[in-house]
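Okay, here's what each chain looks like letter by letter:
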Amino acid sequence: MGKPKVGIFGFTGCGGCQLEILNLEDQLLDLVSAVDIVHFTEAITEHSDDYEIALIEGSITTEHDVERIEKIGSIANVIVAVGACAVSGGLNCLKNLYGTQKAAELVYGDKKDWIDTIEVKPVDAYLKVDHYSRGCPPNRFEIVDIVRSLLLGRQPEIPNYPVCVECKRNGNTCVYELGMTCLGPISRAGCDSRCPNSASGCEACRGVIENPNVNAQKDLLAEHGLTVKDIMSQFNLYNACKGKNIE
Amino acid sequence: MVLEAEKKGKKKTIYTPDMATITEISDLTPTEKQFTIQIDDQETREAFRFQPGQFVELTVFGLGEAPFSIPSSPNNRESFELCVRDIGNVSNALHKMAPGSKVGIRGPYGNGYFPHEKMKGNNVVIIAGGIGMAPVRSLLKYILEDRQSYKDFSLIYGCVDPANILYKDEMQQLKQRDDIEIKMTVDNPDADWKEAVGVCTNLIGDLKYSPEDTFIVVCGPPIMYKFVILELDDRSYKPENIFLSLERRMECGVGKCNHCHIGNKLVCVDGPVFSLWEIRNLKEAI
Amino acid sequence: MTDNSKEVSVMPDSINIEVAPVSRVEGHGDLVLNIKDKKIEKLIFRIPESPRFFEAMLVGRNWDEPSHITSRICGICSVAHTYASVKATEAAMGIQPSDFILKLRRLIFHHEMVQSNVLHVYFLAAPDFLGVGSVIPLVKTHPEVVNIALRLKKMANDMVRIIGGRAVHPIRTVVGGFTKLPTEEEMYKMKDMLKAAYKDLETSLAVLKTLDIPDFERETEYISLAQPDEYALYDGTIKSTDGWEIDSQDYLDKIKEKVVKHSTGKHCWANRDAYMVGALSRFNNNYEKLSDNAKSYAKELGLQAPCYNTFMNNIAQFVEIVHSVDDSIRLIDELLEDGMDENKRMVDFKIQPGRGVGAVEAPRGLLIHDYTYNSEGKVDKANLIIPTNMNYGNVERDMQALVPDIIDKPEDEIRLACEMMIRAYDPCISCSTHFLNVKLINK
Amino acid sequence: MLYKILGKNEYEDFLSDLISKNEVIGPKKKDGAYSDFVAIKDPKEIDTDYQKTTLSPAKKILFPSTEDLVAFKISDTIEAEGIVEYEQKVLLGINAWDINGMNFLDRFFTTDFIDENYLAKRKALTVIGTDSVPTENNFAHHMNSEYAIEGFDLYFSDLGDRFFVRAATEKGNRLIEDFPRFLDTSEDDFKEFNRYMEDYRAKFKLNINMKNFIDNFESIYDKEQLWQKLAEKCYSCGSCNLTCPTCFCFNVKDDINLDLKTGQKLREWDSCMIPEYGLVAGDHNFRPDKENRLKQRYKCKLITFKQKYGKNSCVGCGRCIEACLAKINIAEDINTIMKEVSI
Ligand SMILES: Cc1cc2nc3c(=O)[nH]c(=O)nc-3n(C[C@H](O)[C@H](O)[C@H](O)COP(=O)(O)OP(=O)(O)OC[C@H]3O[C@@H](n4cnc5c(N)ncnc54)[C@H](O)[C@@H]3O)c2cc1C
Ligand code: SF4
Ligand code: SF4
Ligand code: SF4
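Protein chains in written order, with my numbering: chain A, 1 to 247; chain B, 1 to 286; chain C, 1 to 443; chain D, 1 to 343.
Source of the hints: derived by calculation from the structure; they are not laboratory data.
Where is the CB? At the ideal position from N, CA and C, for every residue including glycine.
Hints may contain errors.
[As the list claims (entries may be wrong)] Within a straight-line C-alpha distance of at most 30 Å, the following computed DSBU-like cross-link-like pairs (lysine-lysine) qualify: (1) Lys289/C with Lys254/C; (2) Lys229/A with Lys381/C; (3) Lys180/C with Lys44/D; (4) Lys381/C with Lys254/C; (5) Lys89/D with Lys12/B; (6) Lys141/B with Lys226/B; (7) Lys253/D with Lys3/A; (8) Lys208/B with Lys175/B; (9) Lys189/C with Lys28/D; (10) Lys211/D with Lys52/D; (11) Lys73/D with Lys11/B; (12) Lys3/A with Lys154/C; (13) Lys39/C with Lys409/C; (14) Lys180/C with Lys52/D; (15) Lys261/D with Lys102/B; (16) Lys141/B with Lys102/B; (17) Lys89/D with Lys233/D; (18) Lys29/D with Lys180/C; (19) Lys229/A with Lys180/C.
[Unchecked claim] If you want a taste of the chain A side facing chain C, the calculated C-beta under 7 Å gives, among others: (20) Glu20; (21) Asn23; (22) Tyr98; (23) Pro137; (24) Pro156; (25) Cys195.
Chain A on its own, in the form it takes in the complex:
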C-alpha cells in the first residue's frame, strides 16, 4: 500500500489549526513519514493537485473560497474538516449575526464595496465532510487519530459525551464551584476538558453533543445570574452558524 497523499488547506481562519499540526512535536516526523503531505501552505512550498485526503481549515467566506473548495472537493476522496471554523463556521459566524454588509461598513467604511465577502459557512455547506476534528483550536491528537484511522480503515473515536466526563476524569473542581459558568454539560468532549483544567469555563468550541439538555443548561446559567441575552451570546460564540439544536 502506497502512502496516502494528503493536502492541508487553509481557508478563512487564524491558521491555528495548521499550527496545531506543526505543534505535534514528537509525532510530527511520524506523521510526515506515515503520509505524503503534498500541499501545506503554512509549512511547505511544494504543491501538487494530486491528493486523496484533504484536511481543510477555515470557513468559506468569499467567492474565491467557494471556487477553491469546490476544486478540492473534485480531487480529494476524503474530506476532513479541521477546527471550529471549518466544522461549524466557528467564531467567523459572528459576522453573520452582525450582518455581512453592516460588518463591512463598520470596518471598511465607504470602501466596503472593494471587499469580497459573503455569508460565512462551514465546509460541509459545500462538500460532504467525512470526518470532523472539532475545536478551536482542534485537539492535535485527535487530528492524528483521524489520520491514523484513515490509514487503518476504521472509524475514529470522536466522543459524543459532554466535557464534564473528561473534566471529572481529570479530577477538576467544577468551575461552577469556583463561581464561574461553563457549557461543559452540553458540549462535546474530546478536548481533554482543557478549559476547565485551567479553571476556566467551557465555551463549546467543539459544538454540542447529540442530545444536549439545553433547557437544564439554560436554567443553570440563569441561576448563576446570566440574562437570556448573555446565555445566547455564550451559546453562539462558536456555534452561531450551527446553533439550531441549542436554541
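Given the coordinates of chain A, assemble chains B, C and D with the ligands onto it according to the supplied hints.
Chains B, C and D with the ligands only, in chain A's frame:
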C-alpha cells in the same frame, strides 16, 4: 515505576490476548464470513476447551477487541471457528484480512453455556434468528456428533432475506437427515423460496414435544426474545429448560468493565447463556 | 511547485512570474509584479482574501470575551492578541495587575515569541537559505536542524502550555490576572527546559553562521515598543528610529491607516510613507537592552544596530530567541522568590466604562488593540492595528529597491528572491486576515 | 486489631519519619472548598481538616482514570504483553467511607477474575486513615460506612490531645514498631474513644429511608413517570459516576501509535449515564433514555451488590450529589421515591 513486564519477562494478565492465526476464511453471506482460528502456542491451544455457547474476545491489534461466540464444535481441539458480521471497526478489519493474519484471542469466556449434559435424553429445540445462529451452531454440531444421546431434535431458523441465511449448504445437507427436523422462514422471500414466510415465532406452534422432556434454546436479535418467550409460555414449556443467549456491549469479557450488567448478573461471567428461569424476574434482561 | 506555468513569458527580455500563493507565510497574500523591458511597471502587495471583521464581531461582547475572540485573529500570535486585548480592557477600566502577574505575563509572552521565531527561522526561512525547497526536504538534508527546531519549539510550546493552559489560544490569560497559576514544580521544570535549550542555540549559531544572507540595504522608519529598563515586548512606549516616541495610548497621533483598493488589510504610515515593524525594528530600537549573551550572539552573526538589511530580520529573530531564554530564567527565579501562591493569581477590579489601548510586540511587530466599553462592560467600539498591515507599504518599497538589482537574473531566481524577501518579514497575513501570492506578470 | 495511643506532639515526627522513608500521598488544599490528594513533601502541607475531594484518593491511585493494560508490537508477527504498573505508596488521611469504598473495589476487582492491574497497586499501598468531617450531603451512616473496620493498616482518631490508633494489619503493626513512641492504651483511652465516636457519629445529619427503599425497589421499578421526573434535568454527563469512589465501569481501547507498529490497549473510566454505554452493534441501545440510565445507576449503587455481596456499592459519600449540576440527589430521591410509594 516498576514495569512488571520488564521485570519478569512476559506478563499475562486477564487482559492480555494470546496470539492466534486465521487459517481459513470463507464467505457465508454478503455480510458474514467464517474464520478458522488456531491459537499459536501449542500449550495454550491444548488448554483451550470450550462449551457450546461460550465466546472469545478477539483483538485486531490497533483496531480493538470484540466478543464473538464460537459456532464450531467443541470436539475440534485444533482450531475453532468464528462467524462474524461486518458491522464495525473490529469486524470490518477482520473481513479485510487474509489467511495467515494474526489476531489476539482471550477466552473462552462465559460460565453460562448450553447445558448439553442435562439435555441428554431429552428433546432439543433450537430457535435461531439471523446471526443468532452463530452461538447455537456449536450446540447443534455437538448434538449431531453424539446424536443418539438425545431424543428428538429440531431447528427453527428465521432470517430477514434468503441471502442472510448462514451455513446455507450445511442446512441443505442437514435437511437430508431424518434425525433432525429443520424449519426455516424468511421475512422477505424471493422467487425461489419454498419454505415458510414470516417471523420464526410462527413456527413454534408446530412443535409437538411435551414440556416434560424438552429443552429449548433461543438466540437472536433482542426483539425476537419477547415474542418467542410469549409463545413458549403459552405452550407451558418450563422456564428452567429454556435457554437464551444474551448480547450486551462488552469491553472486557471478564466481569470488570460492567457494560453487560443486568441487575445482579453479568452477561459475560454469568452468561451469555441464561435459563429463562434465571432471568425471568431480572428487569431489563429481555 | 507553484502552478504558474501557464503564464510563463515567451519574450526573453521580460518576465512574468506569478506565485499564488506564496507559501510558508501564515495566511494568504499576493505580490503582483509586472516587469516590462526590465522596468517595473506595476508592483502591488495585496491581500486577496476576505477580511474577518473582528472589529465588528467585538461590538456588544462582554468585557471578558474580547481576549478570547481576538486570540482567534491569529493562531501564531494568539498570546500577543490576548494580551493586547487584555491590556486594552484593563486600561479602559483602570485595572492595575500586580508585579507578580506582570512577571508571569512577560514570561509567557517570551515564549510565544520563541514559538513563532523558531517556526519562522527554522521551518519557514531556513529552507531558503539552505537551498532546499522547504521543511520536508530539510528533514532529509539537515535532520539536525529540524530536530533542534522541534526541540526548541516544543520547549516554547510547553512553556505556553504550562502558563497559558494550551499552546494556541491560551486560556488562563485573562483580564486581571490568571485563572490558574503554574505550580512551583512546574516553574522548576520550565527552568530546566530553558537551560537545556542553550546547547541547541549554540549548534544553531554554528549553522546560521554558514548561511549566505543576501546583501541588501534600504533604510526605512523602524517602529517598535521601547522601555527604559528592558527589551520591550509586553509593554512600553511607541518609539521610532526617526526620533519620535509617544505613549501607546496616543498611537493615533502618529500612526495612520487607510483602506487600499488591492488589499483587505489596511495600509499604515507614520513619519514617512511606510515603516517597518518586527524583530529588526525591535532590535534597532532596543539593542542596548538585550541580554549580554544575546548581544554576543548578534555580534557573532554580524548583526549590528542599526541594521537596514531586511533579510537580517531572520537573524534578529534568532537573537531574540536567545534573549528570551536568558530573560525567562531571570523571571522564573524572581517569581519563585516571590512564591507561587494561588491567591496571587488575580487582582480585584470593577467593571467600568471607558476607552483603553493595549499595545504589545507581537512576534511580527507592534500590535495595538483599542476598545471603548459602555457602562455594562460591553464593547461599543473596537479598533485593531495589526503588524502585517503596518508592513505592507514597506514590503512594496523593499521590492522596488530589490528587483532592479536582480532584474537580469532568470525568472526563477527573481521569484525566489521576492519570496524570500516577503518571508523575511514573516508576514503573518492570517492576522491581517490572510495569505500571500507573488505574481510577476510581464506584458 | 492492635490499639495504641500517639501523643499529638509526636504526630508530626511520625509523619516526617514516614515522609522521609516513603512516597506519601496526602490531602493538600486545592481550590475553593476542595482538597486533593497529592505527593506530600512536608507534614505542613497536609490539609488536616479537609472535607471535600473531587475524587476518592484510593480510586485515583488504584484505578486511575486511564491506564495502559497491554503493550503490543507488530512486526512479522505480533507480540503482546500485559502491563502492570505499581509503586509503593502510603496513602495518608483517607477517611472511613473512602476506605469502605476501596474495600468494595478490592472485592470487585478480585471476584471471578483477578485484575492484577488493580491488585498490584493495592498490595503496594499502605493505608493510614483518619476521620474527616462529613459534608451536609454525606449519608455514610446509612450505608454502614462511616466507620472502617478493615482495609486500612493504621487508623488515627483524634481525641484532642492524642490519637487513638488502630492497626488492622501486619503492615500496620510494623509501622508502629518502627516508630517507638506509640503508647499502650488504657481503659480511659477506650472510654474517651467511645465518647469521641458518639460525637463523630452525631455529625452525620442526613436522614434517609434506606431500608424501605431496598425492600420496595422492585415495586417502583416500572413507575416510568416517576423515573422520568427524577431524571428530567439529567445532562447524561456522567459526573455522578466519575466522582463516585466505587464506580468501576471502563472502556478498553486499542491505541496504536502513528508508526502503526507499536501500541497499547488502555482502559478509561466510562459512565453508565452516557447514552453510548448500552449501545451495541446495529445501533441497538439497551438503555436509550436518561431515566433508564438513572434507574440503572440507583440500582447498581443500592440494590445489585446488596444482593451479590451482601453489601452496597454506595458508601454515602455524597460526591455524586455535589457533582451533579442538575441537582439530582440520590439521598433526596430515595426519600422522594419512598414517599411516592407510601401514597
Ligand atoms: C457474547 C457475545 C457474542 C457475540 N457473538 C457474535 C458472533 O458470533 N458473531 C458476530 O458477528 N457478532 C457477535 N457478537 C456481536 C459483536 O460482538 C459485535 O458486533 C462486535 O462488538 C462488533 O465489534 P466491532 O468492533 O466490529 O464494532 P464496533 O466498531 O464496536 O461498532 C459496532 C456498533 O456498536 C456500537 N458501539 C460499540 N461500541 C461503541 C462505543 N464505544 N461507542 C459507541 N458505539 C459503540 C455502535 O452502534 C456501532 O455501530 C457477539 C456479542 C456478544 C456480547
Ligand atoms: S467545569 Fe464544566 S465541564 Fe467540568 S464538571 Fe463543571 S460543568 Fe462540567
Ligand atoms: S445525574 Fe447529574 S451528574 Fe449524573 S449524569 Fe445526570 S446530570 Fe450528570
Ligand atoms: S453513589 Fe454517590 S454517594 Fe454513593 S458512593 Fe457513589 S458518589 Fe458517593
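Right, here's what the structure says about each hint:
no.	hint	result
1	Lys289/C with Lys254/C	holds (25 Å)
2	Lys229/A with Lys381/C	holds (19 Å)
3	Lys180/C with Lys44/D	holds (23 Å)
4	Lys381/C with Lys254/C	holds (20 Å)
5	Lys89/D with Lys12/B	holds (24 Å)
6	Lys141/B with Lys226/B	holds (26 Å)
7	Lys253/D with Lys3/A	holds (25 Å)
8	Lys208/B with Lys175/B	holds (19 Å)
9	Lys189/C with Lys28/D	holds (21 Å)
10	Lys211/D with Lys52/D	holds (27 Å)
11	Lys73/D with Lys11/B	holds (14 Å)
12	Lys3/A with Lys154/C	holds (27 Å)
13	Lys39/C with Lys409/C	holds (13 Å)
14	Lys180/C with Lys52/D	holds (20 Å)
15	Lys261/D with Lys102/B	holds (13 Å)
16	Lys141/B with Lys102/B	holds (27 Å)
17	Lys89/D with Lys233/D	violated (41 Å)
18	Lys29/D with Lys180/C	holds (14 Å)
19	Lys229/A with Lys180/C	holds (28 Å)
20	Glu20	holds (6 Å)
21	Asn23	holds (5 Å)
22	Tyr98	holds (5 Å)
23	Pro137	holds (4 Å)
24	Pro156	violated (21 Å)
25	Cys195	holds (5 Å)
When the structure is compared with the earlier hints, violations turn up for hints 17 and 24 and for no others.
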